[in-house]
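What follows is the residue order along each chain.
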Amino acid sequence: MASNALPPLLPKVDAILVLDGDGNRLAGKYYGDFMKTPSAAATEGADAADNAAAAQSVEQLRSSFERQLQSKIGGIAAKPDAAEVVTVLGKTAVFCGGSPAGQGGGGDVRVVHVGPAGESELVLAHLAEGMYEALSNLMGGTTDRAMVLDNLELVFLLIDEHCDGGIILETDGQKLAGSVLLRDEQEPTMGHGMEGQGGGMPGQAPPMQSSGGMGGLGMGMGGGDMTIGQALMQARNQIMANLNQT
Amino acid sequence: MAEGDGLTMNNLLSEVQGALDKFKLEDEGTGGPGDYYSPYANLEKAAVLQEARCFHDPTAVRESPRKCCTVIAQLLHLTNTGQYMNSAEATEVFFGVTKLFMSDDASLRRMVYLFIKEVAETCDPDDVIIVTSSLTKDMTCDVDLYRANALRVLARIVDAAMLGAIERYVKQALVDSSGQVSSAALVSATHLFERNEESAAIVKRWISETTEATSSPNEMVQFHAMQLLYQIKKHDRLGMQKLVTQFSQRNTLRSPLALVLLVRYTTKLLTDEVAEGRQSGSFQNGTNFSRAGYAFLEASLRHKSEMVVYEAAKSICSLPGIEPQELSPAVNVLQIFLSSPKPAVRFAAIKTVSQVAVNHPRMVSKCNEDLEALIADANRSIATLAITTLLKTGSENSVDRLLKQISVFLSEIPDEYKVTIVKSIQRLCLTYPAKHRVLVGFLSNFLREEGGFDFKRSIVNSIVSLMKQVPETTEGSLLHLCEFIEDCEFTMLSTQILHLLGELGPSTSAPARYIRFIYNRVILENSAVRAAAVGALSKFAARCPSLRSSILTLLKRSLGDEDDETRDRASVAVSVLKDAMEEFPYLAPAEDADPDEEPVPDEPQAGDPAAFVLLQGLPMSFDRLERSIRAYVKAPAAMDSPEQLTLSTLPIVEEYEEPESAVDEGDDIGADPALAAAVSGKEKEKKEVIDPAAAVYAIPELAALGRVFRSSPPTALSEEEAEYVVTCVKHVLPEHIILQFPIQNTLEDQRLVNCTVTVEGDSECFEVAGEVAAESIKYGETVNAFTVISRIPDAPLSPCNFECVLNFGVVQVDPKSGEDESDPFEEEYPLEELEIATSDFMAKVSVPDFRSSWEMVGNANEVLEKFALQFKKQEDAVAAVIDFLGMQPCDGTGHIKPGEGGKKPHMLHLSGVFVGGTNVLARAQVAAQGDASGVLLKIAVRSDDPDVSRMVADCIR
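One line per chain: the protein sequences are A and B, in this order. Going by our numbering, the residue at position 80 of the first sequence is 952; the numbering climbs one at a time, nothing skipped. Going by our numbering, the residue at position 872 of the second sequence is 1350; the numbering climbs one at a time, nothing skipped.
The hints are simulated quantities; they were obtained by calculation from the structure and are not laboratory data. From the three backbone atoms N, C-alpha and C, an ideal C-beta is built for every residue, glycine too. There could be a bad hint or two in this list.
Stated by the list, open to error - Label-pair ranges, simulated between beta-carbon atoms:
hint : chain 1 : residue 1 : chain 2 : residue 2 : range
1    : B       : Lys1382   : A       : Gln932    : 49 to 59 Å
2    : A       : Leu878    : B       : Lys720    : 20 to 30 Å
3    : A       : Asp905    : B       : Asp637    : 17 to 27 Å
4    : A       : Leu882    : B       : Asn763    : 31 to 41 Å
5    : A       : Asp905    : B       : Ser987    : 53 to 63 Å
Please put together the full structure from these sequences, using the hints given.
Laid out in structure tokens, this is it:
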């Protein structure tokens, strides 16, 4: 019986998925052998056709898993600090996010952590909440499909900073967002207190910052560390404010 | 002023307008959903690969690192959406990416790391190696971010030899002041440890650095260090115990994740203590470690992090053999968690509580109120678990209230959850059989609701299995099922139910009332259901003579059915019924019969042809019949023999050793039905059964001896790693025993010739009749030698031991060329003794209905015996008795039901066929006699032959 499984002694997640409201995978990473079974036989360096066929079936496996996952999580919105749990194919899936457009709460994108049945739901929830916090931090609070797709490379980096080969690297949302934006970790012990926005060093120009064009609008930009999305949000707000004045 | 204002206003407006236009251009990337365009939408692999060429252009790399970043992200996105690069493409792009090390742009470098990790699996490892020097350089630079990432990438691609070369840096990194670097090093080391033996050996040398890292101020570093430390020490039990005790007492770990790990390690060690017999009973009075371990778990229940508290509670609940008072603090914590605002906490708590409920329902019953509140939980998984738990813990008088709550809830959840609940209700009905009317009624209500096939089938299966286990439900359930098939869209369920009605309906108190339901199917349904209905009707007619004339009328209407199967069944039934009614006309009891008089039972009389044709099943299952006929065809002699092929002359085939399928607990609400189906499908895949006697039939001299009655599983006559590995398969024939010796030659420089196995025994009933030698056995080959033993017909069978010696000639062989180098010289090789016991002559064959067969054989040749057996456990004694007799356990009596062991005497039903075709049945009562005095066995053996009964009873030793 799956639910009797003892908790793993070397905790690993099986997959981390960033799904949009309809369950499409925006970004994601599968670890270890999870959803890999048919290709297990495909040896490395096999000819291209074989590889493609194996890849195809892996992709099919994954998307069928994601469909089943979506059928269970679709319609459930989880608060950023209170992840929801479902079980799919004997795996425990914990997720944050998923509030439909226009109802506040960030956006329709969900961050899903899939773990083995024996893994503690609370541990997985801790991970999902941490990553979701980092994601909404990076996306300037708007975790909808469009915003995430536009900043996909940040999402890739986030997953990579969060988890290495299934082993969790970092769970703190602020620290995660910090490393994705290439802010050097200054004082490890003080990391908690650091606020996401003002923390960057003025001397080190954050490379993710969008610079071309925006300056022409003559808007004062806040701290150095803004994502494109955040910058655009800010620009939009200023223009709206200007219009309202008139 | 006003004018000026207006002008400014106008100016401002136009300026804003201009800005807006400009902004719109900029904004295309993130605009509204309508005209939304993303750099990652509709990517073509070929186009992106083309773009990726720019990596080779040094100016492009230097001038526009942003663009390179985007291209890499696009490549990653492609892999992410299933458009994988093949090996050649990946390698090409990979070389491009290596050029990007020229750029000093930090974010570009970061993407390069990420990309190398992604493709490391697809590319040729030899190609990947070329980035090692760049990475090593980054690893020794002073930017933490570079160092951490370079380390992680390196860990993916290095082999053990290279790891040795960079070991110095990694060791430094393990204890680096930067948490990021230290964590990266620890995690990389954990991966390397799992990679292969050589790398693991290197990682083991870092134990002191790892230990140092556990006292890092950074929480994640503590967690990663604990993890690695466990990996290194996991096979060292005492070392691990010391480690766990140290950390749990010193209280230095601040990271909740690290504490979760510590709790898990403690639990693992405690479980091992129990499994290895050092600990039993209360943990608080156990060994030093048990006491300390339990104390730590108990203290963790008061930690401030919910994660740690839950882990400790779950661990305590999972400890084997835990005493209720030790369990109780954990259950208290879980009870509080049940009403947590966080769904994950509620889910985790209810899942654990439902597991505790299996073994300690009493402990959980105090949570019942909280559980009932969870039935309305928005998360349906939680609600379902709450219900199934309540069904386990609820008392008999709360059943009605519970059902009411469930019925409100059940209509709004998906089928999958409903199936789980149906199974729980079935189990509840077994616990409280007195409530069967309510529970079965509840189940059948749901048959009428909307629902998919799996849901409906699970209800039908539950009702049917309840009929078997709680016979009082039969009549009510049959009527419920009748109503269900009135409006059932699933052919499979309809036919299944119709068949069941035909089996069970006629023996109920008023069989006539089912006829209407069945006949309705004949009128209204598709061909498969019509055929099943006709079959059911004819069974009613055959079993109940009083209904024959009316059913005959109904059946005649199907004689013109357009479906062949339906028509055929109807014609067979009509014709035999007509004959039977002529031969045994039904006499209705006289109207004025004395009411006190025993009514004539409505049963067919002996010799009734209709009853015989329509009711008698095959004497064996179809599966067995098929295997039996296959075995018949295999034996060459039988095919030429002039004797008629009848069921009784078919060879006896033994039962399969069916692998025990796990008891379906039904709690795993997440377990996907499709997955389960896949698993059971795999089990169902028929293993190609190789007739063990095929080797015998292949040799003409042996084949002439006749058909093999049964073949024993192979027994080893030598050590597995001996020079010559010999096993033995005993083929029993009516008058002979053929011993088949597969001989394996494991010596590279030898070839064995003319191998025989000499068998010598001191027995009155066996003598060696001949040998067939294995002519030549090369290195690595296995060849059979045979020895034939004949039975002396008059002597009674008795167990006998034979001494076996392998005789053979050795030819020295050149291992390289395989050519002979010497002439053969004789050798002998002693083997272990071979035993021929009475049970070798017994074929494990089950009988469909043990009780009736037992009555039928009668007690004329019964042998009764009593034995006191030296077994400590009842289970062992049962297994031994089955083994001694070599017979097939029937009616599921081969295993003692869990939980009943030792309390009651166990009744074992065994059946088999003795050589020569005598059916043998045995009933054995196995009773434990307290602690040390062993087990008392009473056995009764029945067969048609008193000698056989005696011999079988004497098998017990």
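(request) Could you check the hint for me, namely that Leu878(A) and Lys720(B) are 20 to 30 Å apart, CB to CB? (result) holds (22 Å)
(message) 31 to 41 Å was suggested as the range; check whether the CB atoms of Leu882(A) and Asn763(B) agree with it.
(response) Roughly 32 Å apart at Cβ, these two residues keep to the hinted range, so it holds.
(message) Quick check on a hinted range of 49 to 59 Å for Lys1382(B) and Gln932(A), using CB atoms only.
(response) Roughly 53 Å apart at Cβ, these two residues keep to the hinted range, so it holds.
(request) Could you check the hint for me, namely that Asp905(A) and Asp637(B) are 17 to 27 Å apart, CB to CB? (result) Given a distance of about 22 Å, which is inside 17 to 27 Å, the answer is holds.
(message) I want to verify a distance hint. Is the separation of the beta carbons of Asp905(A) and Ser987(B) within 53 to 63 Å?
(response) holds (58 Å)
The structure fails none of the hints (numbered hints given earlier).
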